[in-house]
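Undergrad: Sequence:
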Amino acid sequence: MGFGAEFLEREGGKMNQENRRKIMLLTCVLLFLCIPGCYLLGGPKELRGIVGESLRVQCRYEEEHRMSGKYWCRRGYWLACSKIVETRGSGEEVTIGRMSIRDDPRDLTFFVTMKHLVEDDSGSYACGINTTRKDPKFWIMVLVSKASATNVIKSTPKGSRGAPDSPLRTYSKKTPAPIPLSRSFLGNIHIQILVFLKVPIFLSLLCAVFWVNRPWRTLRKGDVHSNQ
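All letters in the sequence shown, in the order written, are residues 43 to 270 by my numbering.
Don't read these hints as lab results, they were simulated from the structure.
Just so you know, not all the hints are guaranteed correct.
[Unchecked claim] Derived pair list, reagent style PhoX-like, types lysine-lysine, alpha-carbon separation capped at 25 Å:
1. K87 / K176
2. K176 / K125
3. K87 / K125
4. K157 / K87
5. K87 / K188
6. K188 / K157
7. K125 / K157
All chains should be built: construct the whole structure from the sequences, respecting the hints.
TA: Take a look at the structure:
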């Protein structure tokens, strides 16, 4: 029994080290599969616009996607991104409604233009690339607000003839103030990320732990029976 216990302890230490290496490797693989291609695209993280005006978005991509189709999509429910407009591979500008997109393969850049902005255009959008696997995307927050109004009083100079003084309202275009995100909106995003990203990774790691420990348990039971 003493020899059997010593053998099990020695083999157990070897298996534990091997299991840790396997778990670390599986963790890296799972993270790579869950977040593919995010480094293949680049652009601004946040853009601000004014109601009635236009907003231009510039998205950069890598050489390997020079000939791939590009698109502009908007995040909806359950983290889905609905395509709004996409290129047709000719390099020409494509326009659908108030949105247009144009690819410039020479500069590895494509441009999206949002015209006649309205407040409902505020939301989370993404530059995307069509691939045979999961499409890489770069997420951009678009914030649209109204232009602020400024009251300006213009008076007739003293001693001059003219109509009595009257206030005139003019509008000045200023940088729109930040639009705070509501707690409910942030909470919904966190729940969606928890359900679609964190939970699958946790379950996969849990299955990996049971899987790598299975040979050790089988070996231990066999050695105990042989020693008896």
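Undergrad: Could you run down the list of hints and mark each one as holding or not?
TA: Here is what the structure says about each hint:
1. Pair hint K87 plus K176 holds up; C-alpha atoms about 21 Å apart against a cutoff of 25 Å.
2. Between K176 and K125 the CA atoms are separated by roughly 15 Å; this keeps the pair inside 25 Å, and the hint holds.
3. The hinted pair formed by K87 and K125 meets the criterion: a straight-line CA distance of about 19 Å does not exceed 25 Å.
4. Of the pairs offered as hints, the one joining K157 and K87 holds, with about 20 Å between alpha carbons and a cut-off of 25 Å not exceeded.
5. Of the supplied pair hints, the one linking K87 and K188 holds, its CA atoms being roughly 21 Å apart against a limit of 25 Å.
6. Of the pairs offered as hints, the one joining K188 and K157 holds, with about 15 Å between alpha carbons and a cut-off of 25 Å not exceeded.
7. Taking the CA atoms of K125 and K157, the gap is near 17 Å; set against the 25 Å cutoff, the hint holds.
Checked against the numbered hints listed earlier, the structure breaks none of them; every hint is satisfied.
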